[in-house]
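Here the protein sequences come in this chain order: A and B.
Numbering of the first sequence is given in numbering that gives the first Met the number 0, commencing with residue 0 and proceeding in unit increments.
Numbering of the second sequence is given in numbering that gives the first Met the number 0, commencing with residue 0 and proceeding in unit increments.
Honestly, the hints are just simulated from the structure, not real lab data.
A few of these clues could be false.
With a straight-line Cα cutoff of 30 Å, these simulated DSSO-like cross-link-like pairs (lysine-lysine) come out [stated by the list, open to error]:
hint, chain 1, residue 1, chain 2, residue 2
1, A, K88, A, K134
2, B, K84, A, K151
3, A, K57, B, K84
4, A, K134, B, K175
5, B, K91, A, K232
6, B, K175, A, K232
7, A, K134, B, K128
8, A, K232, B, K84
9, B, K149, A, K134
10, A, K184, A, K151
11, B, K128, A, K88
12, A, K47, B, K91
13, A, K192, A, K151
One-sided and incomplete, this derived list gives chain B residues near chain A with beta-carbon spacing under 7 Å [stated by the list, open to error]:
hint, residue
14, Q7
15, A10
16, H94
17, C100
18, Y104
19, F107
20, R123
21, L125
22, L148
23, Q150
24, S151
25, Q153
26, A155
27, A157
Bear in mind the structure is a predicted one, so any value in this text is a computation, not a measurement.
Quick reminder that beta carbons are idealized off the backbone N, C-alpha and C, glycines included.
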Amino acid sequence: MAWYIDQGPDSDVMISSRVRLARNLEQYAFPHRMDAQTARQAADEIVKAFFQDDAERKRHYLLVDLDSLSFEDRLALAEKRLISEDLAKAGDGSFHRAMISRDESVSIMINEEDHIRIQSMQAGLNLEQAYDAAKQVAAILERELPVASHDKYGYLTACPTNTGTGMRASVMAHLPGLAMAGRIKDTVDGLIKLGFAVRGHYGEHSKSQGNLFQISNQLTLGISEEDLINDLKRMLQQLIEQERGVRRELYRRQPLLLEDRVMRAFATLKSARLMTHEEATELLSTVRLGMALGLLPNLQPADVNRIYALIGPASIQKAHGQAMSPAERDSARATVVRDLLEPSGA
Amino acid sequence: MLCERCQQQEATIHLTQTRQGEMTEHHFCDSCARELGIGHSITDYFGTIGNLFGSGLLGGGSAFNHTGGIPAFGAAVPRNIACPKCGQTFEKFRHTGLFGCSQCYTAFADLLDPVFRRVQGNTRHLGRKHAPSEAQLQAERLTARLNELKQSLQLAVAEEDYEQAARLRDEIRQIKQAGTQPDEGGET
């Protein structure tokens, strides 16, 4: 199921898990050096190899021609994290495609930095299952296509930071406790020292908003996929315990203050008529914290995750169907948030 | 606890790793960790770009962003070496941080160990082995068969068995034609 609908393990701290595998075709130059003709040929071959005549697969996956979508529509896909932001922002006419599973758990990006980027998402902390799904798709493509690999270097990728396994395993972690306790910087520095990469909400180049952090493995060469996932997972389990400990301690020390913050955030989300993306993300962070502390018993993590996925500027615009001013977007966003929170009756 | 590498300074970085299912613990001091490339980062937590490769390693004008940079080499290294397949030079790779095609890995082979040691702390893949696709196996079989035939052809010519040579030449031509059909990229 989609990461924002399902409820996964440790979802009080871990919003989603993602595994990405990069693969390339050996006969073509990497996408940044391909002409349009070759890009089209590579895209056609990959699509054909994946679907073949498998009726089941054709039903399960949707082929999206990203060149034919508007900029906003592509960004909306990125806001749901079905494609990368880079791919969404790339220009038209480069034969960018995506094959997206209907349950939105797996997507295969074509002609991104590498010819093939397989991405698999799961709710909560569930890297193993995400990896299994990505591996299965890789196996299908590798059976049908001449995938570039090397005895010494493993899977060959455009960028040397992906060479080897071509794998990036990451989680979206929600760390409001550590943030309130002023311990985010130390935590992040520690993670980096241990060899993990930490980024903001939408991945590379993005700032953290709403205490959301993407944490991933840094290295891809010289370590097996399983070992990589185990290292990451072991570290994350410690991080989860730290975050939970800090939350409990904060609540123990100043229960009233924390309850007040949570309830005010919830009330604002349920009543506001204008809401920026940034404000919504910050308020949702506080509500999510309150939920984990048991202060909002009628609310589920998925209720909040679904809002995250639908309130990005492009998603709001897309739902509306025509050009909007920022103020109109803020109004539409406030409405979406109110509607989504209403049925819970919390 | 002392650093396991220098045995002199206090260990400040503690690593637990799983390798082939075995768990190991490592303890390093700051300077050893830095030398080993542990603790280098691609991004800091605001998502701004750090330099994976430390300072002073890259000339100006590098387009290397999310990946840091590729270390500079001594003057002896032939920087204008080019990939025979896509034409990308090593110099360009150093500046963009991207290989041009999968053949670049072979073309730049002699220059890559320092790059990977720096970027990955490692030079050899240990993960899942790629099983060749049916097409790749078929191409390998054809190449092997072609080499055999070419050797036989040379032998036949040397022995002045022209009838045999003509037969072999035909077979070679047939295989070459068949080989180029499914793979529009041509022979490699």
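Here is what the structure says about each hint:
no.	hint	verdict
1	A:K88 / A:K134	holds (27 Å)
2	B:K84 / A:K151	holds (20 Å)
3	A:K57 / B:K84	violated (35 Å)
4	A:K134 / B:K175	violated (35 Å)
5	B:K91 / A:K232	violated (37 Å)
6	B:K175 / A:K232	violated (50 Å)
7	A:K134 / B:K128	holds (12 Å)
8	A:K232 / B:K84	violated (40 Å)
9	B:K149 / A:K134	violated (40 Å)
10	A:K184 / A:K151	violated (37 Å)
11	B:K128 / A:K88	violated (33 Å)
12	A:K47 / B:K91	violated (33 Å)
13	A:K192 / A:K151	holds (27 Å)
14	Q7	violated (20 Å)
15	A10	violated (12 Å)
16	H94	violated (13 Å)
17	C100	holds (4 Å)
18	Y104	holds (5 Å)
19	F107	violated (10 Å)
20	R123	holds (6 Å)
21	L125	holds (5 Å)
22	L148	violated (23 Å)
23	Q150	violated (25 Å)
24	S151	violated (28 Å)
25	Q153	violated (29 Å)
26	A155	violated (33 Å)
27	A157	violated (35 Å)
Of the numbered hints stated above, those contradicted by the structure are hints 3, 4, 5, 6, 8, 9, 10, 11, 12, 14, 15, 16, 19, 22, 23, 24, 25, 26 and 27, listed in ascending order.
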